[in-house]
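Below are the chains, spelled out letter by letter.
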Amino acid sequence: MTDIDHDETVDARGAACPGPLMDLIGTVRSSESGDVIRLLSDNEQSLTDVPEWAEKAGNELLAVEEFDDYNAFYVEKA
Amino acid sequence: MTEHVVIIGGGTGGTVLANDLADRLEPELDAGDVRVTLVNDDSEHVYKPVWLYVPFGQREPDDGRRPLDDLVDDAVDLRIDRVTGIDTESQRLRFSGGAPPVGYDYLVLATGSTLEPDQIPGLAEGGYNFYSESGATDLRDEFLEFTEGELVLSVIGTPHMCPAAPLEFVFMADDWLRERGLREAVDITYTYPIQRVHGNPHIAEWARPLMEERDIQVETFFNAESIDPEAETITSMEGTELDYDLLVTIPPHGGVDLIEEAGLGDDGWVDVDKHTLEAEAAENVYALGDTADTGVPNAGSVAHYQAGVVGQRLASEIRGRPATATYDGKTLCFIETGMDAASFVEFDYENPPSPAPPSEKLHWSKLAYNESYWLTARGLL
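Just so you know, the sequences run in chain order A and B.
Residue numbers are given in numbering that gives the first Met the number 0: position 63 of the first sequence equals residue 62, and the series is strictly consecutive.
Residue numbers are given in numbering that gives the first Met the number 0: position 97 of the second sequence equals residue 96, and the series is strictly consecutive.
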């Protein structure tokens, strides 16, 4: 378990691609600089989508936490 | 006791379902055992795919309008009114203007999508669209006089209605400008919020090479953050800025507030079982079309097929039989690839799309379907 504090959780489990990434982007859009968003996704594509987008957008992917049937991504808005 | 089915929304899903139930439950409706009410806040039904052709001067918005009264079976009670509240505990609906509440035994939400341009600063002033009647005519007036410069089409957010339409618009614009001898004077740029040109990877893989062949520039991972109508620039969250002379956008979409207020889902989309289309948060409530959060495209064909499933399930429940019909994700879509060629895709939850080679025959099939759509709305096709 990570001990990263987060300001908001986006539960996109069950959503088809690109739903999880778009849900994350939507939440980052309405967040403040420095906010940490936790994205929960069971979509395998998120393992590449989220890091690629975070890098492109200049946000920091702080951690990816793996659970049995989903992953949690912690993204800090630049 | 009379069972009351209320459908909110007179778009494709709600209208097809109302007519489906009128046919399927004819004996019960005749006997007064069942009542079906369709509620819509406009007296006209709108076939939105017509709007794609308006900017090219090929169709008029009126081509996509018919009075609901002409489309809906007489056995259905048509109520032109706005629902202002849903109480899923007491199974009652509130209406605007202080009209008395109405109870339901089964509720179907087919409230569709709404445009939310105000989410992006400058979008309402700087961006044209073909996702509304006024947007399509405003874009037509600008586009018909556009002869040179930067044409940018920006898909701002998903989900949005008709995921193929942004591709169709740039393919049609490319062809239309070539036919008029203007293509070399116009740069076309297409932006998309994720790392490919379409949400579905199979359609994206098919479309990307076509865009390269047609010299349509692509900017992916482009999530519009703001538009400066004075400077004529659009800037993304990812830090890319594009100049434009004509900006066509697919505005952010949302559902209706009613749904979130009723606790049925976020952003106006109802959380449903993607096979049964039953709401997860309430009994005796279904959702279909754009309103149902199933992950399939917001497309008329989806609403059409889902209406058939909900119609079968409701008829079974009303007759006291197990409801066994399920939706398999079936989607059909024609994709215009120019002014006289189109592709076609068919897919479902299990089988991905495989776009057909573009042909003139498919283009005419699309136009023929647009004409025969009114038979679909009437429940005949």
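Some hints could be false.
Unchecked claim - Computed far set for chain A versus chain B, every beta-carbon distance over 12 Å:
| id | residue |
| --- | --- |
| 1 | Asp6 |
| 2 | Leu61 |
| 3 | Ala71 |
Said to hold, decoys possible - Distance condition first, Cα-Cα at most 20 Å in a straight line; then the derived EDC-like pairs of lysine to aspartate or glutamate:
| id | chain 1 | residue 1 | chain 2 | residue 2 |
| --- | --- | --- | --- | --- |
| 4 | B | Lys365 | B | Glu345 |
| 5 | B | Lys273 | A | Asp10 |
| 6 | A | Lys55 | B | Glu345 |
| 7 | B | Lys273 | A | Asp22 |
To be verified - Derived, one-sided and incomplete: chain B residues facing chain A with beta-carbon distance under 8 Å:
| id | residue |
| --- | --- |
| 8 | Gly96 |
| 9 | Ala98 |
| 10 | Trp175 |
| 11 | Gln194 |
| 12 | Val217 |
| 13 | Leu241 |
| 14 | Gly294 |
Since the hints were derived computationally from the structure, they do not count as laboratory data.
Each residue gets a CB set at the ideal place from its N, CA and C atoms; glycine is no exception.
Hints violated by the structure (numbers, ascending): 6, 8, 9, 10, 12, 13
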